[in-house]
Amino acid sequence: MPAERLLPTTEAEDLLALTRELARDELAPLAAEYEQAERFPREQFRLLGASGLLGLPYAERWGGGELSYEVYLQVLEEIASAWMSVGVGLSVHTMSCFALAHYGTEQQRERWLPAMLGGDLLGAYALSETHAGSDAAALSTRARLDGDAYVVTGTKAWITHGGQADFYTTMVRTSDQPGGQGISCLLVDGSTPGLSAALPERKMGLTGSTTSQLLFDGARVETGRLLGDEGDGLKIALASLSSGRLGIAACSVGLAQAALDEAVAYAKGRTQFGRPIIEFQGLEFLLADMAAAVESSRATYLEAARRRDRGLPFQRQASIAKLIATDAAMKVTTDAVQVLGGAGYTRDFPVERYMREAKVPQIFEGTNQIQRMVIARELRNA
Amino acid sequence: MTNIVVLVKQVPDTYSERKLSDSDHTLDRESADAVIDEINERSVEEALKIKEAGEGEVTVLSVGPDRATDAIRKALSMGADKAIHVSDESLHGSDMVATAKVIAAALGKVDSYDLVIAGNEASDGRGGAIPAMLAELLGVPQLTHARQVTVEGTSIKVDRETEDGITHVEASLPAVVSVTEKINEPRYPSFKGIMAAKKKPVETLTVADLGVDAGEVGLGSAWSTVLEASPKPPRTAGQRVEDEGDGGSKVAEYLVGQKLI
Chain A
1 MPAERLLPTT EAEDLLALTR ELARDELAPL AAEYEQAERF PREQFRLLGA
51 SGLLGLPYAE RWGGGELSYE VYLQVLEEIA SAWMSVGVGL SVHTMSCFAL
101 AHYGTEQQRE RWLPAMLGGD LLGAYALSET HAGSDAAALS TRARLDGDAY
151 VVTGTKAWIT HGGQADFYTT MVRTSDQPGG QGISCLLVDG STPGLSAALP
201 ERKMGLTGST TSQLLFDGAR VETGRLLGDE GDGLKIALAS LSSGRLGIAA
251 CSVGLAQAAL DEAVAYAKGR TQFGRPIIEF QGLEFLLADM AAAVESSRAT
301 YLEAARRRDR GLPFQRQASI AKLIATDAAM KVTTDAVQVL GGAGYTRDFP
351 VERYMREAKV PQIFEGTNQI QRMVIARELR NA
Chain B
1 MTNIVVLVKQ VPDTYSERKL SDSDHTLDRE SADAVIDEIN ERSVEEALKI
51 KEAGEGEVTV LSVGPDRATD AIRKALSMGA DKAIHVSDES LHGSDMVATA
101 KVIAAALGKV DSYDLVIAGN EASDGRGGAI PAMLAELLGV PQLTHARQVT
151 VEGTSIKVDR ETEDGITHVE ASLPAVVSVT EKINEPRYPS FKGIMAAKKK
201 PVETLTVADL GVDAGEVGLG SAWSTVLEAS PKPPRTAGQR VEDEGDGGSK
251 VAEYLVGQKL I
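Order-wise, the sequence lines are chains A and B. For the first sequence, full-length UniProt numbering assigns the number 1 to the initial residue and increments by one for each residue that follows. For the second sequence, full-length UniProt numbering assigns the number 1 to the initial residue and increments by one for each residue that follows.
Same shape as in the complex, but just chain A:
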């Protein structure tokens, strides 16, 4: 059964109805084929853009939807439920607009934000490097001032939409000060000379979504593209992630919901010992636990979202939501394979793919170990 939602307005209900229609008719039918072929769904992002879904939580005057996180995240969940790569891509795009929307000057926002939110462009977020993952402050991509531009050299790693994106919100080192102080945020145009993408990573899941290293070889980025001040980069990066990880929580709930729906449908149709297997308590309890995991994860991210919408601190709640929802998705998708048995282990059914896709949300946008550090730090400092 589809997720039952309590939405605040009829516009939100209509938006979710539109999202479900797009997900059912335009995304779900293509997901398995594109993932198998490792094909990037660029056209599908354009469709979401034309429908106004690529700028939902940003201000209307910049072309956004001025939508609450409470509703935006539920849109995201529905998209991810139909196709996880597109859900994650939408979340990453939305996060990549955060730095300009919240830290850009009026002039910068006027110049670039409408196009970034307008639907034609796709964004990416470049923080990690091979030696700087959880320890993001160790990044070493260097931007040296040369006249009216920064000359950027270095390699960013694990970039979702690497080589596909039209702009990259990129964290670079603008001074030799150690740690976070020397880090700054640049809004880099995807067509900047000296910027290229390495071959895509060969991943376990989310194979339709391109992930690659991003190579900066003396790329000139005009100083007007510095977001915030020099040295603000790490702060901007972490603020982006606090909101971004709510998106990952929502995507993971969507993925788990898809696995649950598939498992329930199969368990109703599959007969053993003369009865549908859903009537056996061994499976019934497994399915009930899966439903409990999905719905409690949804409640957890919605709680964090409502705090964010009211302007309350939400970092701890966002980390809890990301931790709970991604661990739940891993368990629910694994159990969905169990419900389908041998069939679930084959590529004729989607649940083995869901299980592969559930792994990386436990890793990206802050590993679940980092989430625990964030949660514990708040407990310590309270």
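Please note that the accuracy of each hint is not assured.
Unchecked claim - Keeping only pairs whose Cα atoms sit at most 27 Å apart, straight-line, the calculated DSSO-like set for lysine-lysine is:
1. A:K268 / B:K232
2. A:K268 / B:K49
3. B:K199 / B:K109
4. B:K49 / B:K198
5. B:K19 / B:K49
6. A:K359 / A:K331
What the hints assert, rightly or not - Beyond 12 Å from chain A on every Cβ pair, some chain B residues (computed):
7. D70
8. D114
9. E136
10. T150
11. G153
12. G165
13. W223
14. L227
15. G248
16. V256
Please keep in mind that the hints were generated in silico from the structure rather than gathered at the bench. Keep in mind it's a predicted model, so treat the numbers as computed, not measured. We treat Cβ as the ideally placed atom computed from N, Cα and C, and that holds for glycine.
Guided by the hints, dock chain B onto chain A, whose structure is given.
Positioned in the frame of chain A, the structure of chain B alone reads:
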């Protein structure tokens, strides 16, 4: 300037289980999700295309219970300009003759119209006669089963497709057109369209507002009565072929028996 009225009907979602109520054999609207009929999304799309090619205004007209506002909002979010919603308890169980009368009366509330666009048949009742009845009542040409529509000045050309073939017909405006599922691919609304829809005017009217006598409509005045209804029997399991090395030929024999090969 082409003023277009699009007739929109809310129907039970074809994805859900549809049934008639036990008490009076009318549609059980509570048992299924209600959506705008798919053919009406195409009707709205055609109206918007005509409007966008020139100038004009698109008015949505729907006769249905209160929750038909959902279907109306969908049409408005696609880009229609305003709506008229005829909602009245007395309409429950109306047949096509009464429905056509009510629609004709409601069209009298529109300032002026050049074109009425309807779907060729609704996916619930499947009567398929409303567009023709309406054209008769209005005394205007009817161009039904259109797979292509061209408006040129004050005339309209339509490719009319039926099982017998394609007929090219032409009429002067105003006229009633009904479209088939081949007419176009409807657009999706956008979030901006959804937000804009809530600010568009929707006029809600009763049959009394239309000057129609409530006694002329509804189940009691219908010219025909449903005496009995039973659901379609479930699909039978089919014929099972045990493969004892000759499964292929047995399947072929079955297909030959059915005159399929």
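Consistency of the hints with the structure:
1. This hinted pair checks out: K268 of chain A and K232 of chain B have alpha carbons roughly 22 Å apart, not beyond 27 Å.
2. With a CA separation close to 45 Å, the supplied pair K268 of chain A and K49 of chain B exceeds the 27 Å bound.
3. For the suggested pair K199 of chain B and K109 of chain B, the alpha carbons sit about 20 Å apart, so the restraint of at most 27 Å is met.
4. This hinted pair checks out: K49 of chain B and K198 of chain B have alpha carbons roughly 22 Å apart, not beyond 27 Å.
5. Our distance criterion of 27 Å between C-alpha atoms is broken by K19 of chain B and K49 of chain B, whose separation comes to about 35 Å.
6. The suggested pairing of K359 of chain A with K331 of chain A holds, with an alpha-carbon distance near 10 Å, which does not exceed 27 Å.
7. The claim that D70 of chain B lies off the interface is violated: its Cβ sits roughly 8 Å from the closest Cβ of chain A, which falls inside the 12 Å cut-off.
8. Every CB of chain A lies more than 12 Å from the CB of D114 of chain B, the least distance being 29 Å, so the non-interface label holds.
9. At the 12 Å boundary, the C-beta of E136 of chain B stays outside the reach of chain A, the nearest C-beta of that chain being 36 Å off.
10. Under the 12 Å C-beta cut-off, the non-interface status given to T150 of chain B relative to chain A holds; the minimum distance is some 26 Å.
11. Listed as outside the interface, G153 of chain B is consistent with that label: its C-beta sits roughly 32 Å from the nearest C-beta of chain A, beyond the 12 Å cut-off.
12. G165 of chain B, annotated as away from the interface, keeps every beta carbon of chain A farther than 12 Å; the closest lies near 31 Å.
13. Separation of W223 of chain B from chain A is adequate, the least Cβ-Cβ distance of about 36 Å exceeding the 12 Å criterion.
14. With 12 Å as the threshold on Cβ separation, the claim that L227 of chain B sits away from chain A holds: the shortest Cβ distance comes to roughly 36 Å.
15. Interface exclusion of G248 of chain B from chain A stands, the closest Cβ pair being 23 Å apart, more than 12 Å.
16. With 12 Å as the threshold on Cβ separation, the claim that V256 of chain B sits away from chain A holds: the shortest Cβ distance comes to roughly 31 Å.
Violated hints, listed in ascending order, are 2, 5 and 7; each of the other numbered hints is respected by the structure.
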